[in-house]
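*Asks:* Just so you know, the sequences run in chain order A and B. Numbered according to this note's numbering, the first sequence spans residues 1 to 256. Numbered according to this note's numbering, the second sequence spans residues 1 to 257.
Hints are computed from structural coordinates only; laboratory data are not their basis. In this text the structure is predicted, and so the values were computed from the model without any measurement. Where is the CB? At the ideal position from N, CA and C, for every residue including glycine. Keep in mind that the hints are not guaranteed to be accurate.
[Said to hold, decoys possible] Derived DEER-like restraints, expressed as beta-carbon distance ranges:
1) ILE71(B) x GLU181(A): 48 to 56 Å
2) TYR91(B) x ARG15(A): 25 to 33 Å
3) ILE63(B) x ASP188(A): 56 to 64 Å
[As the list claims (entries may be wrong)] Rough simulated footprint, nothing fancy, chain B against chain A, three-plus residues with beta-carbon under 8 Å:
4) 78-84
5) 99-108
Read off the chains here:
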Amino acid sequence: MIEVQNVSFAYTGQRSVITDCNFAVPRRSSWAVIGPSGCGKTTLLYLLAGLLRPDAGKILIDGKTITRPRPRTGLVLQDHGLLPWATLEENVRLGWRIRRFYGPDGVHSPSGRSAKEEDIKERAIYWLKRMEIYHVRHSYPSQLSRGQRQRGALARTLLLEPDVLLLDEPFAALDPMMKEELIGALRDIHAEMMTTDIIVTHDMNEAVRLGRMILIMKTAGKGPPAVVENPYYEKGGNEEGVDILVEQLRARMGDR
Amino acid sequence: MARNPRTSSLIVGIVMSLLIWQSIAFLLHRPILPSPVEVLPYFFRLIPGELGLHLLASACRVIISVIVAVICAVPAGLVMGQFRSIDRLIYPLVAVFYPIPKIVFLPVIYVIMGITDLSKVFLIAMILFFQILVVVRDEAHGLSQELILSVKSLGAGRRALLRFVYLPASLPAVITALRVSVGTAIAVLFIAEQSLTTYGLGYYIVVETYQVLLYPQMYAGILAMGLMGLAFYLALESLEMRLNRNAFSANNNYAAS
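Sequences are here, hints too, so could you generate the full structure?
*Replies:* What follows is the structure in C-alpha cells.
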C-alpha cells in the first residue's frame with residue numbers, strides 16, 4: 001500500500017511543482033499517471049522512490065514513511081541510467097553488486113535475505129533472455145538501440161525482485177512494434193511478480209492499457225490530481241469505448 | 001607473439017632519431033655534439049653505476065609526486081564535482097591557479113620548505129594536482145543526474161556511488177591527464193634538480209657534466225632523462241588504452257565478477 005498524504009514539493013528557489021497531493025495505491029494495483037508536461041509527474045516518481053523528500057506531508061509504503069530509497073522499490077527512468085562504461089550484462093547486475101557491497105543491512109538492501117552468486121547469475125540470464133537482450137549482453141549501452149537500453153534498465157531493476165515498480169515514460173521513443181511488445185511484457189510481469197506499479201506516461205492509450213486506475217495530474221496551481229477508474233484494464237485496454245475514456249481523460253487534464 | 005604496430009613504430013622512431021643525431025653530429029663535427037656512437041657506450045657503462053643512481057632519484061621523485069597528486073586531486077575533484085556549493089566557492093580559485101606555470105613558485109617553495117626533496121616533490125605534485133583536479137571535477141560534473149538517481153534507486157549510498165559510478169567514470173580521465181602532463185612535470189623536475197642536490201638527472205646533466213665540459217657523459221644523462229620521460233608516457237598510454245578498450249570494445253572481461 002502506497003499512501004501519499006498532503007504532499008507538497010518545490011525545487012529550491014522555484015515555484016511549487018506538487019501542491020497538497022493525496023492518493024492511496026492498494027498493494028498489487030497498477031496505476032498510470034498522466035498529465036501535461038511540467039506538471040510534476042517525474043517529480044512525483046522521485047518522491048515515491050525516496051530520491052526527493054516532500055516539503056510538506058508524507059509518503060508511506062506499507063506503513064513506513066519514505067525518507068530514502070527503499071530496497072524493494074524499483075525505479076526505471078526515461079534516460080535508463082545505464083553505466084556507459086559497463087556492458088549490458090554488468091549493468092543488469094549492478095544493483096546486485098551494490099547489494100553485495102553493503103551486505104543485507106536493511107537500509108541499502110533488504111535485510112536477512114542474501115541470494116547466492118550462482119542464483120544471481122542465473123537470474124540475470126533469465127531476465128536478459130526474457131527481455132530479449134541476451135544476445136547483446138556483452139555490448140555497451142552506446143552500441144544498443146533505445147529499446148534495448150530500456151529493457152536493460154528494466155532487467156536491472158527486476159533482478160532485484162521489487163514489490164513496487166516505478167516507471168517513467170517506459171515507451172518514449174520506442175517504435176510501435178517494440179512498444180506493443182513491451183506493454184504486453186509489463187502486463188505479464190505485473191501479474192507474475194504481483195508488484196505495485198506506478199507508470200508515468202504522456203500517452204492516454206498507454207495509460208488505458210497499463211493502469212487499472214489513472215491518476216491525472218494538473219499543472220501546478222490548477223487543482224489537486226484526480227483519480228479515474230479504468231474499466232478497460234482487465235481486457236487489455238483494447239475494447240470499444242476506450243476512445244471515449246481517452247477523450248474524457250483529455251478533458252479532465254484540462255490543458256486543451 | 002606477433003609484434004604490434006605500436007612497438008614497431010616506436011622502434012622505427014628510435015632508429016630514426018639516432019640516425020638524425022648521427023648525421024647532424026657528423027655535419028657539425030664539434031665536441032659540443034658527440035655522435036651516438038660515442039655517447040651510447042658511455043650510457044651503457046654509466047647506467048649500472050652513477051648515472052643509474054641519478055636516474056633512480058629523478059624517477060622516484062616523479063613517481064612519488066604522481067602518487068601524492070592523485071591522492072590529493074581525485075577526492076578534491078570528486079567533492080567539487082558532486083557538491084555545487086563547494087564548487088562555486090573553490091572553482092574560481094582553481095581557475096586562477098590552473099594556468100599559472102607552477103615553476104614560478106620554485107623560489108617561494110624553496111624559501112618556505114627548504115631546498116629538500118620535499119620541496120621538489122611538492123612542486124611537481126602541484127603541477128599534476130591541478131591537471132587531475134580539473135578533469136576529475138569535470139567528469140563528476142558531467143555525469144547525468146538521471147544516471148546518479150538510477151543508481152541511487154538501486155540502493156547505492158555515497159560509498160557505493162563512489163565505487164561504482166564516480167571512480168570508474170573519472171579513472172580514464174585521470175590517466176589521460178597524467179600522460180599529458182607528466183612531460184611538463186619532468187621538465188620542471190629538471191630545473192628543480194639543478195641546484196643544491198646531490199642526486200637527480202638535472203643535477204647530473206648541468207652540474208656534474210655540462211659545467212665541467214664532459215659532453216659525452218652529459219648526453220648520456222640527456223638520453224637517460226629522455227628515456228625516463230618516454231617510459232612514463234608509454235606506461236600511462238598503455239594503461240589508458242587498456243581502460244578505453246574496456247569502455248568501447250565489444251569483447252572484454254572488465255569487472256566480470
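*Asks:* Hint by hint, note whether the structure agrees.
*Replies:* Evaluated hints:
no., hint, verdict
1, ILE71(B) x GLU181(A): 48 to 56 Å, "50 Å, holds"
2, TYR91(B) x ARG15(A): 25 to 33 Å, "29 Å, holds"
3, ILE63(B) x ASP188(A): 56 to 64 Å, "58 Å, holds"
4, 78-84, "holds (count 7)"
5, 99-108, "holds (count 5)"
Comparing the model with each earlier hint shows no violations; every hint is respected.
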